[in-house]
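Undergrad: Read off the chains here:
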Amino acid sequence: MERKNNPVVQGVISKEEFTQNWLQFLTEFLSGSKGFYILLILSGLIVFISAMFGVNAIYVGYSHVYGIYREIPWGILISGYVFFVVISTGLSIISSIGHVFGVKSLIPIGKRAVYLSIVTLFAGFMVIFFDVENPFRMAIWNALSPNLTSNIWWMGTLYGISLIFMIFEFLLILLSKHRYATIFGFLTLISKVLAISNLGAVFGMLYGRDFWYGPFIPIYLIASAISSGSTAIIFFTYLGYRIRNERLDKSMELALQVVGKLWALSLAILIFIVFWKIITGLVGSEAQRLAIRELMFGKYAPNFWFFEIFLGLITPFFLLFVSKFRNLNQMFAASLLSFIGIFIMRFDMVVIGQIVYHFFEYKVTDFPVILTYKPTLHEIMLIIGACAFCVFSFLIGEKVFKGHHTEIH
Amino acid sequence: MNWKEFFKNLKTEEQGCVPDETRREFLKIGLIITGVAAGGSLLNVVSVVAEGLATSEELSKEYPYKPHYSMVFRVDRCIDCERCVEACRQTNNVPEYGWRTKILERVDTKAVDQQRQFMPILCNHCNNPPCVRACPTQATYKDKQTGIVKMASYKCIGCKSCMSACPYDARYFNEEKRAIDKCDFCWESRLSKGMKNTACAEACPAGVRIFGDLSDPNSEVYKIVHQMGKAVWVLKPETGAKPNVFYTIG
Amino acid sequence: MKRIIILASTLILGLSGFVLSEITEEGVKYQESEEAGGLEIIYTKPVKGVLFSHKLHVKELGLPCESCHTAIFEMEAFKSQRNPDFIMDSLYKGKYCGACHNGQTAFASNTKCATCHVGVKGLERLKKKAQVLEKK
Numbered sequence: 004m005e006r007k008n009n010p011v012v013q014g015v016i017s018k019e020e021f022t023q024n025w026l027q028f029l030t031e032f033l034s035g036s037k038g039f040y041i042l043l044i045l046s047g048l049i050v051f052i053s054a055m056f057g058v059n060a061i062y063v064g065y066s067h068v069y070g071i072y073r074e075i076p077w078g079i080l081i082s083g084y085v086f087f088v089v090i091s092t093g094l095s096i097i098s099s100i101g102h103v104f105g106v107k108s109l110i111p112i113g114k115r116a117v118y119l120s121i122v123t124l125f126a127g128f129m130v131i132f133f134d135v136e137n138p139f140r141m142a143i144w145n146a147l148s149p150n151l152t153s154n155i156w157w158m159g160t161l162y163g164i165s166l167i168f169m170i171f172e173f174l175l176i177l178l179s180k181h182r183y184a185t186i187f188g189f190l191t192l193i194s195k196v197l198a199i200s201n202l203g204a205v206f207g208m209l210y211g212r213d214f215w216y217g218p219f220i221p222i223y224l225i226a227s228a229i230s231s232g233s234t235a236i237i238f239f240t241y242l243g244y245r246i247r248n249e250r251l252d253k254s255m256e257l258a259l260q261v262v263g264k265l266w267a268l269s270l271a272i273l274i275f276i277v278f279w280k281i282i283t284g285l286v287g288s289e290a291q292r293l294a295i296r297e298l299m300f301g302k303y304a305p306n307f308w309f310f311e312i313f314l315g316l317i318t319p320f321f322l323l324f325v326s327k328f329r330n331l332n333q334m335f336a337a338s339l340l341s342f343i344g345i346f347i348m349r350f351d352m353v354v355i356g357q358i359v360y361h362f363f364e365y366k367v368t369d370f371p372v373i374l375t376y377k378p379t380l381h382e383i384m385l386i387i388g389a390c391a392f393c394v395f396s397f398l399i400g401e402k403v404f405k406g407h408h409t410e411i412h
Numbered sequence: 120m121n122w123k124e125f126f127k128n129l130k131t132e133e134q135g136c137v138p139d140e141t142r143r144e145f146l147k148i149g150l151i152i153t154g155v156a157a158g159g160s161l162l163n164v165v166s167v168v169a170e171g172l173a174t175s176e177e178l179s180k181e182y183p184y185k186p187h188y189s190m191v192f193r194v195d196r197c198i199d200c201e202r203c204v205e206a207c208r209q210t211n212n213v214p215e216y217g218w219r220t221k222i223l224e225r226v227d228t229k230a231v232d233q234q235r236q237f238m239p240i241l242c243n244h245c246n247n248p249p250c251v252r253a254c255p256t257q258a259t260y261k262d263k264q265t266g267i268v269k270m271a272s273y274k275c276i277g278c279k280s281c282m283s284a285c286p287y288d289a290r291y292f293n294e295e296k297r298a299i300d301k302c303d304f305c306w307e308s309r310l311s312k313g314m315k316n317t318a319c320a321e322a323c324p325a326g327v328r329i330f331g332d333l334s335d336p337n338s339e340v341y342k343i344v345h346q347m348g349k350a351v352w353v354l355k356p357e358t359g360a361k362p363n364v365f366y367t368i369g
Numbered sequence: 003m004k005r006i007i008i009l010a011s012t013l014i015l016g017l018s019g020f021v022l023s024e025i026t027e028e029g030v031k032y033q034e035s036e037e038a039g040g041l042e043i044i045y046t047k048p049v050k051g052v053l054f055s056h057k058l059h060v061k062e063l064g065l066p067c068e069s070c071h072t073a074i075f076e077m078e079a080f081k082s083q084r085n086p087d088f089i090m091d092s093l094y095k096g097k098y099c100g101a102c103h104n105g106q107t108a109f110a111s112n113t114k115c116a117t118c119h120v121g122v123k124g125l126e127r128l129k130k131k132a133q134v135l136e137k138k
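The listed protein sequences derive, respectively, from chains A, B and C. Here the first sequence stands for residues 4 to 412, where the numbers follow the working numbering. Here the second sequence stands for residues 120 to 369, where the numbers follow the working numbering. Here the third sequence stands for residues 3 to 138, where the numbers follow the working numbering.
Don't read these hints as lab results, they were simulated from the structure. Warning: the hint list may mix true and false statements.
Some chain B residues flagged as far from chain C (calculated, every beta-carbon gap over 10 angstroms) [unchecked claim]: (1) ASP195; (2) ALA206; (3) PRO214; (4) TYR216; (5) ASP288; (6) LYS296; (7) GLU307; (8) ARG309; (9) LYS312; (10) MET314; (11) SER338; (12) GLN346; (13) MET347; (14) LYS355; (15) GLU357.
Distance ranges between label pairs, derived from CB positions [what the hints assert, rightly or not]: (16) B/ASP335 to C/LYS61: 47 to 55 angstroms; (17) B/GLU181 to C/PRO48: 50 to 58 angstroms; (18) A/ILE274 to C/PHE109: 57 to 65 angstroms; (19) A/PHE132 to C/GLN83: 53 to 61 angstroms; (20) B/ASP262 to C/LYS114: 35 to 43 angstroms; (21) C/GLN133 to B/GLU215: 18 to 26 angstroms.
Cβ-to-Cβ under 8 angstroms is the rule here; a few derived chain A residues that face chain B [unchecked claim]: (22) GLY70; (23) GLU74; (24) TRP77; (25) VAL135; (26) MET141; (27) TRP144; (28) SER148; (29) SER153; (30) ILE155; (31) TRP156; (32) LEU209; (33) ASN248; (34) GLU249; (35) HIS361; (36) TYR365.
Using N, Cα and C, we set each Cβ at its ideal position, and we do this for glycine too.
All chains should be modelled from the sequences, with the hints used to inform the complete structure.
TA: See below:
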């Protein structure tokens, strides 16, 4: 990530300043504890191993090593992509409340949030790179032959643009050019919100798929974004201070309280909309009923009840209130559980949408009514690799950018 | 093998000696008595047929493509000999792991008498194709003249959105082409070279598949779709994709 | 005379110990059980996957061997399949299955296609069944 943040490229600082900066970064980086470097090497190693799996998958052909197939073309990699970009969007939304809209209490978390937003978006792109069969063609034909009715086109393009905006935003924050950073923060926010609504529409506009079709998923994802963004902020801020062995100052404590409250609110909203999705789905078309029944009472019931509802929604909500938004250990525990829950939520959302066989109502013997999908080692390794990449970049970021401290003006 | 006579036999046995016209009139009356809705909803499945149009010429004006390619399956005749699947593989270089057309086996153990039916499927070349809307790079598109949903393989990025979008499971990823592959009514292999029929329809020994121009009142597909004697249906009409592949019996 | 042949061949079959599953290019044949009354035969020509079931015709419907053998069908399986006139048209003229499947004795040959035509799917399915029986 350092390469991306090279300020010389932007021509905004002189050469001497640049060398000085780099030296500073380097000395900062070398000041870590033993545990820090072990973690760094470990996560780096995992990234490397999973990259090998990715290269192997390209070499052998995706269809031979992935669990996806004709009837279920989208698997855990798509869920992983959704997982990461929704976190990224959430981080942008929450950080922009502070440094774009000027809510002072949220300013302290802003810098780290922007950095992590870049990292998670990048992780999402890495995952999708290994899902799309011809990623290099994508770069060409996305530009030369855009289909403006395609939500995938909008989603991909907007996320691509937002990555550029965010890099500028982060550089300008580093250079303390706050006015310009605000402008880019605002552009990031707009492109991200449009991108996530199109990401939802990628599923919501598929009128051949009853479980996905409708406005539910865009709404669900934007509510989810705030929730996952808060989760990420609490999780990584807590770890950041742990790694740097620092105590939280007053303003940061206050910021995390506000994030916690936002999180609780978004969880309440999520519980509300998930509840009504389930209730309306139970009386809808046969295809949707079958899908929801599979989710609630079928093979996906443990996913749904334990991971999605219990770990992802109820427990964090409960823990937040127990912690009174002050007890950081409890909030951290909530965020850890919530991360697991959120990932399973994404997985279920993607897979359940395809789980009912196309011609289920025709009593076909060639396929069961409910299809099965099992992620393979390659797919799982790529997801683990992307997570490790986030940890790796986070660790470097904490050191290089000195705990992302921001002075409030 | 004289299949023609087989079907002549079949026809005479089924329809007895009632002349076609009388029979049709009779059925129309029947439909009116038993509720016009049944007849109406059957005709509504025809892609763009507007309600209340009386004559066939007016109906055909509503078809947006010329020729408006379409296929009708006389589904009860299918015996799953899979000559169509083989012919398709040979004609269009379809690899072992994929298919452009497939025969599904339906078994209803509660059915009276015959409990098995074979149901051929292929791309429905929908008038409102979900796949075309979803494709980010216009790699799949609806041909403006014929209505065939075609592929521009070189533009395909392999995101598999069209596979997800398709309600009919008509698409697969072809590793050799590095692109999604699907039925194009043999456009590339046959129709564009002047041939009139698809490979599958030509290979069928039982006359299950009838391919033709739905906008031409003299075509066989037109005659089968625009009649009230026998039910004509499409698969999954509730998706609103407006398919151009029809099913009937007889 | 016919009866003697049938009796003799049944005896031979009985003595040979029912090793009767066989998968060849001509088709698949296997015997489900000793009481079935004969083989299950799946023809592959002229189209793949047409089932004749002794179990259904002999055991369940109780037809005696003489109703088909050997006036309509020889004792040897697939013998008729080698004839060039083993096609639907002959059936409509009362030959082969059409002797009974004429709409009077049994359902007509030009109806209920998928009852006898089990297709490629049926062929593959029954091949597997025959393989399992072979191993036993």
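Undergrad: Does each hint hold? Answer for all of them.
TA: Here's how the hints hold up against the structure:
{"no.": "1", "hint": "ASP195", "verdict": "7 angstroms, violated"}
{"no.": "2", "hint": "ALA206", "verdict": "13 angstroms, holds"}
{"no.": "3", "hint": "PRO214", "verdict": "18 angstroms, holds"}
{"no.": "4", "hint": "TYR216", "verdict": "17 angstroms, holds"}
{"no.": "5", "hint": "ASP288", "verdict": "17 angstroms, holds"}
{"no.": "6", "hint": "LYS296", "verdict": "26 angstroms, holds"}
{"no.": "7", "hint": "GLU307", "verdict": "26 angstroms, holds"}
{"no.": "8", "hint": "ARG309", "verdict": "23 angstroms, holds"}
{"no.": "9", "hint": "LYS312", "verdict": "28 angstroms, holds"}
{"no.": "10", "hint": "MET314", "verdict": "24 angstroms, holds"}
{"no.": "11", "hint": "SER338", "verdict": "25 angstroms, holds"}
{"no.": "12", "hint": "GLN346", "verdict": "21 angstroms, holds"}
{"no.": "13", "hint": "MET347", "verdict": "23 angstroms, holds"}
{"no.": "14", "hint": "LYS355", "verdict": "22 angstroms, holds"}
{"no.": "15", "hint": "GLU357", "verdict": "27 angstroms, holds"}
{"no.": "16", "hint": "B/ASP335 to C/LYS61: 47 to 55 angstroms", "verdict": "53 angstroms, holds"}
{"no.": "17", "hint": "B/GLU181 to C/PRO48: 50 to 58 angstroms", "verdict": "42 angstroms, violated"}
{"no.": "18", "hint": "A/ILE274 to C/PHE109: 57 to 65 angstroms", "verdict": "59 angstroms, holds"}
{"no.": "19", "hint": "A/PHE132 to C/GLN83: 53 to 61 angstroms", "verdict": "55 angstroms, holds"}
{"no.": "20", "hint": "B/ASP262 to C/LYS114: 35 to 43 angstroms", "verdict": "39 angstroms, holds"}
{"no.": "21", "hint": "C/GLN133 to B/GLU215: 18 to 26 angstroms", "verdict": "21 angstroms, holds"}
{"no.": "22", "hint": "GLY70", "verdict": "13 angstroms, violated"}
{"no.": "23", "hint": "GLU74", "verdict": "6 angstroms, holds"}
{"no.": "24", "hint": "TRP77", "verdict": "6 angstroms, holds"}
{"no.": "25", "hint": "VAL135", "verdict": "5 angstroms, holds"}
{"no.": "26", "hint": "MET141", "verdict": "4 angstroms, holds"}
{"no.": "27", "hint": "TRP144", "verdict": "4 angstroms, holds"}
{"no.": "28", "hint": "SER148", "verdict": "5 angstroms, holds"}
{"no.": "29", "hint": "SER153", "verdict": "5 angstroms, holds"}
{"no.": "30", "hint": "ILE155", "verdict": "4 angstroms, holds"}
{"no.": "31", "hint": "TRP156", "verdict": "4 angstroms, holds"}
{"no.": "32", "hint": "LEU209", "verdict": "5 angstroms, holds"}
{"no.": "33", "hint": "ASN248", "verdict": "45 angstroms, violated"}
{"no.": "34", "hint": "GLU249", "verdict": "44 angstroms, violated"}
{"no.": "35", "hint": "HIS361", "verdict": "4 angstroms, holds"}
{"no.": "36", "hint": "TYR365", "verdict": "5 angstroms, holds"}
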